[in-house]
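Dock chains W and E against the given chain C, drawing on the hints supplied.
Protein chains in written order, with this note's numbering: chain C, 3 to 664; chain W, 43 to 143; chain E, 31 to 567.
Since the hints were derived computationally from the structure, they do not count as laboratory data.
Note that the structure is a prediction, hence the values are computed from the model and not measured.
Treat the hints with caution; some may be incorrect.
Mimicking DSSO-like on lysine-lysine, the simulated pairs with C-alpha atoms at most 30 Å apart in a straight line are [what the hints assert, rightly or not]: (1) C/K601 to E/K425; (2) C/K601 to E/K199; (3) E/K509 to E/K146; (4) E/K199 to C/K636; (5) C/K30 to E/K509; (6) E/K65 to E/K146.
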Amino acid sequence: MTTFFVDTAGIMLVLPLVAFLMIMAVGKRMKLQGAEIAIGALAINTVWATVLFVMNMTEGVLARTTFEIARIGTVAGNEIVFELGWVVDGLSIMMFFLVNLVGLLVFIYAVGYMHGDVRVPWFFAAFSLFAGSMLILVGAPNLIQLIIGWEGVGLASYLLIGFYWEDLDNVRAGNKAFLVNKVADVGLILGAIIVALAVGSFDFQAINVAAVEHLEALSTVAVVGGLLLFLGAMGKSAQFPFHIWLPDAMAGPTPVSALMHAATMVTAGVYLMARTFPLYQSLAEEARPWMVAIGAITLFGMGLLALVADDIKKVLAYSTVSQLGYMMTAVAAGGYTAGMFHLYTHAFFKALLFLGAGAVIHAVHSNNMSDMGGLRKDLPVTYWTFLIGSLSLAGIIPLAGFWSKDEILATLGHEGYTAVMWIAIAGAFVTAFYMTRAVALTFHGTYKGHGHPHEAPRVMTVPLVLLAIPSAIAGFFSIPGVSLPGIGNFGEWLAVREVTMGDHHAEGIQWALAGSGIFAALAGIALGWMIFGKDRETQQARDGFEVPVLYPLLRNKYYMDDLAGGVVGGTMGPVAQFVNWTNTYVIDALVNAVALLTKGLGSFVYGTIDQRGVDGVVHGLSAATDGAGSALRKMQSGRVQQYAASFVGGVLALIIVFVFVT
Amino acid sequence: MLLNQFLILAAALFALGIYGLLVRRNLVLILLSVELMLNAVNINLIAFESVLRSSLAVGQVFTIFVITVAAAEVGIGLAIVIMIFRNRRSANADDLSLMRW
Amino acid sequence: MELFETWGLTLIVFLPLAGALLIGLLPEGNELAVKTVGLLTAAGAFVLSLVLISQFDFSAGPYNTYQFEVDETWISAINADYHVGVDGISLPLLVLSTFVMVLAVIYSWNHWDEPKRPKAFLILMMILATGMNGTFVALDLVLFFVFFEVVLLPMYFMIGIWGDRTPRKIPGFARESETRIYASIKFFLFTLFGSAFMLLGFLALYFESGKFGESTFDIVELTNLGAMGSFTGTFAFLVFGAMFLGFAVKVPMWPLHTWLPDAHTAAPTVGSVLLAAILLKLGAYGFIRISLPILPQEAVSWAPAIAILAVIGIIYGSLACLAQTDMKRLIAFSSVGHMGFVMLGIATLTDIGINAAIIGMVAHGLITGLLFFLAGSMSHRYHTREMSRLGGNIKLLPVMGGILAFTAMASLGLPGLAGFWGEFMSLVGSYNPLDGLPVGVFRTAMVLGAVGTILTAGYMLWMLQQVNLGEPGAEWEGKELHDVDRFELTAWVPLIILIVVIGFYPKVIFDTTTDTVMSLVDTVFNSETVASLGSGG
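With the rest of the complex left out, here is chain C (with noise of 0.2 Å):
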C-alpha cells in the first residue's frame, strides 16, 4: 500500500499534462468550461502528495524512477545519457505537497474569480500546464528535466501573463517575463552543462555525490558552474537585477499571481539551490558570499520598493522579491533548512494575501489602494484572513512567517553573516511597515471607490480560510531544538535526501534575535499604524508618505507624538522613492534600451552589413559580369570588314612576335 504511492508518485507530473490536453480538447462543453477537470487533476494530485508527506513525516520516502530518453555520446569516456523520471525524497515531496495544496485551492478560488471571464477553458488549460511543468521541475531527478520543467514553467508564465493579449500591453509584459527569465537561463543551461561534463552526468545524485567527495574534475569548475547556475536561479527567483520582469507580470488575472507567487514559478530557483545545496556547501565556497549579497540587496531594496506602491498586487509583488530574498540568503549562506523552511510558510500566506487582494479587486473593481479603504465591514472574511496572512508575514509571534524567519536570522548569525543579518531585522521592519499600509489602505478607514463593495461568493472564501490555517500554524512544525513525538520536525523531514548534508540547526530558541526579529516587526507595524492607521478622510494621508516633506506631520498635531516616526518615515520616504525611481530610471530603462539596441543592432545587421554588405557583394559580382558583357558586345558590329581588320591585325602581330621576339 504504502510502496504504491511511491511508485506511482510520477502520476503527479503527468496528470496536469493530461488535463491540459483535455481542458484543450473537450473544455469548451463542459459546465465549468474545464474547470472540473484541472481541479480534478491536482485533486487527485494532492492525496497522492498528502500522502507522501505523512510518510515521510513518520518513517521517511527516498526512492527514484527513471527511464532513459537518449544516450547521445561520450564525454571523456562517460556516456552521457537523459533520463526523465522523478524523484521521491523529502526536498521534492515537500514540493509536491506545497505545489499541488495551493495549486488545488488557488484553482478552486478561480473558479469563482474567473467566473464570466473570456476563454476560461484556455485558461484553465493553461493553469493545468504551469502547474504540470513546476511538478515536472520539482520531480526532476537530473538537470534536463529541470530545465524542461524549468522553460515550461516559463511558457506557461507567458502565456497566463498575455491572458488578455488583446491588450499588446499585456503581451509586452509577458514577452519581457519571458525573455528576462530567458537570459537568465542561458546561466542555467551553461551552469548544467558544465557542471555534469565534468561530472560525466546530470543526474543530481551523481553531481551532489561528486561534490561531496570532491571530485577533481568538479572542483576546478565548480565555481563557475556553481555561479552560472545560480544565475538561472536569480531569474526565475527575480532577484535583484532581475526582478524587473515581476512587477510587470502582474498583467495577468490575480489567481495566476498567487500560483506563481507562492508555489510554482517563483521558488523554483530556490528550490534549484536546494536540489544542488551540497554543490555550494562543499565545492563552490566561493560562490556564496556573492549569492549572499545578492540576496541580502534583493531583500532590502525591493522591500522598500512595497512602500510606494499603490496598486495592491505590486505591494505583494514587490513583497515576494523581498521575501525570495530572505530564502535565497538563508540558502546561499548555508541554511537550507531554513530557506526551504521559509519558502513552505511563504507559499501560504503569500497565496493567501493574494487571494485576498483579489478577492478585493473582485469587489471594488479596481487594482489601486486609492480606490479601496473600509472594506473591513463589507468583506469580514476576507479581512480576517489578509490580516493573519499579513501578521504571518510581518513575522508576528507564533504565526508561521515568524519562525522561518527567526531560523533565518540565526543561520546568518551563526555563518557569520553579522552585517547581512541586520540588514534582515531591518528587512523584517520595512515588510511590516508595508503590510501594514496595505492592511490599513485597503481595510481600514473609508471607502474612496465606485459602487457598493460585497463579499466575494464560497467558492472563493473557503480557500482563504483553509490557507489561512496554515499561514497561522505551520511554523509549529520548526520550532528549533523541538522534535514532535512520532513525526519529527521540519529539518528532519527535508533531510531525507540521496546525499544528506549538514547545514546549521539551531538547538532551542535564541530569544535575543527572536526578539528583535519581534521588535522590529512591532516597530514597523507601529509605525505603519501611526501614518496610515487614523484615516483622515482625504487622501492627504496617503500622499504625505509619498510626497517626501513631513508635511502631513506637520499639519496634524502629533508630531511630538510621531518625531521618531516621522524621521524614519520622513527618510524612509525619500529613500523608497529614489530606489523606486533607480527601478524604473536606471534598471528597467537599461533592459527596455538593451531591448531597442538588440533591435537597432538588428536592422544594422540585416540592412546595412547583410543587403548592402554581403548581398551586395553577390551583387557587385553579378553587376560586373552583366556591366563586362554589355561593354564588351558593343564590339560585334555585324561589319565584316572590321572583323577581317581585326584578323589582319591578328596576324601581323603574330608575325611580329615570331619575326623579332623568337
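Then chains W and E, alone, in the frame of chain C:
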C-alpha cells in the same frame, strides 16, 4: 636563284588583296580581293615546289586544290551577293551590319 | 524480403521519378488523377521507407558499413558505380525526406499557387523527391553529385514559375525584375557556384586515390583511405575547402546565405517547405558523410573556422530576423540561425556534436517546414505577409493561430519540443570539442550560441506579438476568413505530433544515430593515424 622574285610578286599580290578586302565597299570587289590573296598563295606554293621538288608534287597538288575551292567559294559567294542585291538593292558592305547584337 | 534487401533503396529513390513519368502521360485536364498518382507515389516511397526502418538492423556494425547496399558498375570508364546504402546517419534524413514529401502533396491538394498547373508542379515535386532521396543514399561521389544537382532544377522552376511576382529593384542593375525571376536565378547560380568547386574536389580525390590503387569515386573506399591518413597536406586542405564551398552554400553558412531569404520569400509555399525541410540538410549531410570521414585531418584544421562562421550565422541570422517586416522572410532568416547550430555541432567533431547536428536537422525540418506551411496558408488568406498589417490572427483564425504559437515555441527551442535537443547538444558538444581543437574558440562559441537562443526567443515572441496577438486590424473586419481546412490539418497534425514525440522522447532518433556516430568519431578521429597526423592541424 629565281625564288625571291616570285615571293616578292606573291607578297605584293597578297598585300593588294588585303588592301582591297579592307577598304573596298562593294561586295564583288571584296570577293575579287579574296581571289587575289588566294592566287598569291598559289604563286608561293608553285615557287617553293620548284625549289624543293618533292616526289609527290605537293605544291602543285595543293595549288589545284586551292583553285578548286576558290572556284566553289566564288560561286557561292557571288550567289549570296546576288541574292543580297536583289533583296536590298545594294551591294555595299556597310549596309549589311545585320548580324550583330 | 530478399528482393527488398537489394532493391528497396533503389525503389525508394526512383519510385517518385516513375510517378513523374506517369503523371506526364496523364492528360492535363484530369486534375484528380494527376493528384492521386502524385499522392500514391509519395506515399509509396514513404511506406517503403517505413519498411526500411522495420528491416533495419539497429545494432550497427563499425562505421562505414552500410545496409541495403547495392554496388553495380555504372560508368566503368571512370570507375563510377551505382552504389547506394543506408546507415544510422542517413536513415533518419531519408525518412524525413519521404515523410515531408507526402505531407507536401497532401497540402498541395487544394493549395496551388498561381499559375496553378498541378500537373507540372507535381512532376517537379516528384523529380525533387528523387534527387533528395538519392542524395541521402548515394555512396559514390559521382552519383552523389548527380542527385545533388538534380535537386536544383525542379526547385529553380518552382521558384521561377510559381513564385512571387512582385517587381523588385535589384541593387546594381538598372532594370527591375520580378522577385521570382531574381530569386530563382540567384538560387541556381549560387548553388552551381558552390557545386562547381565541390566537383573539383571530387575529381581531385578521384585522381589522388589513384596513388593508392585504382582511382575511385567510391565513398566507402575513400573513407577507408581517409581513415588511414592518405590525404594530407596542401592538397587535402584545398580539397576540403572546395567541398566546403559546395556544402556551405547549401547549408547555408554565413556569408554564403544570401540566396536563402530571397529564394524562400519568393518560392511557392510547398517549395519553401521542401527547401527548408530537406534541401538545406543536403549540405550538412555532405559534411558528415563526405568531408569529415574522407579528410579527417583537414576537418580538424578547418573546424575552428567552421565553428566561428556557424556562430556568426547564429547571431547574425537572429539579428536579421529582428529587422524583418515580412513574415516569410523572418522565418527564412531563422533558418540561418538554426542551421548555425547544426554546423556548430558538426564543427566540434564529437559524437555529441554530430548527433546534435542530425537531430537538429530533423527538428528544423519538421518545425521550419511547419512554419512555412503556416506562413503560406496565412498569406493565402490575408494576401499579405507584412507583419505590421497582420495582428489578432489568433482571434480571426483560432486554430491556425494556436498552431502558429506552438510552432514558434518549438522553433525557439523550448525544452520538451524537438527543437531543444539540437541547440542544447551542440552547446554541450562545443564545451568539450575533439582533443586538439582550440577549446577557447569553442567555449566562446558555446556562450555566444547560448546568447543566440535569447535572440531567437526575442524575434519569435516579437513575431507572435505582431501576427498573432492584439486586436485584429480594421481592414479584416467583415472579411470572410476561414480557419484551417481538412488538407491543412492532415498535413500539419503529423508534424505537430512528431515535434512533441521527439521533444519528449528523442530516443526515436538517437537509437538510430548514436551508435553510428560514435563509431564514426571513433574510427575517423580517434584512430592512431589521426592522433599522430591530425593534432598538429
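So, going through the hints one by one against the coordinates:
For the hint pairing C/K601 with E/K425, the CA-to-CA distance comes to about 27 Å; that is within 30 Å, so the pair holds. In summary, the hint linking C/K601 to E/K199 is supported, as the alpha carbons are separated by about 26 Å, within the 30 Å threshold. With a CA separation close to 24 Å, the supplied pair E/K509 and E/K146 stays within the 30 Å bound. Restraint check for E/K199 and C/K636: the C-alpha separation of about 26 Å stays at or below 30 Å, so the hint holds.
Pair hint C/K30 plus E/K509 holds up; C-alpha atoms about 26 Å apart against a cutoff of 30 Å. Proximity of E/K65 to E/K146 is assessed by CA-CA distance (about 13 Å); at most 30 Å being required, the pair is judged to hold.
In summary, the structure agrees with every hint in the numbered list given earlier.
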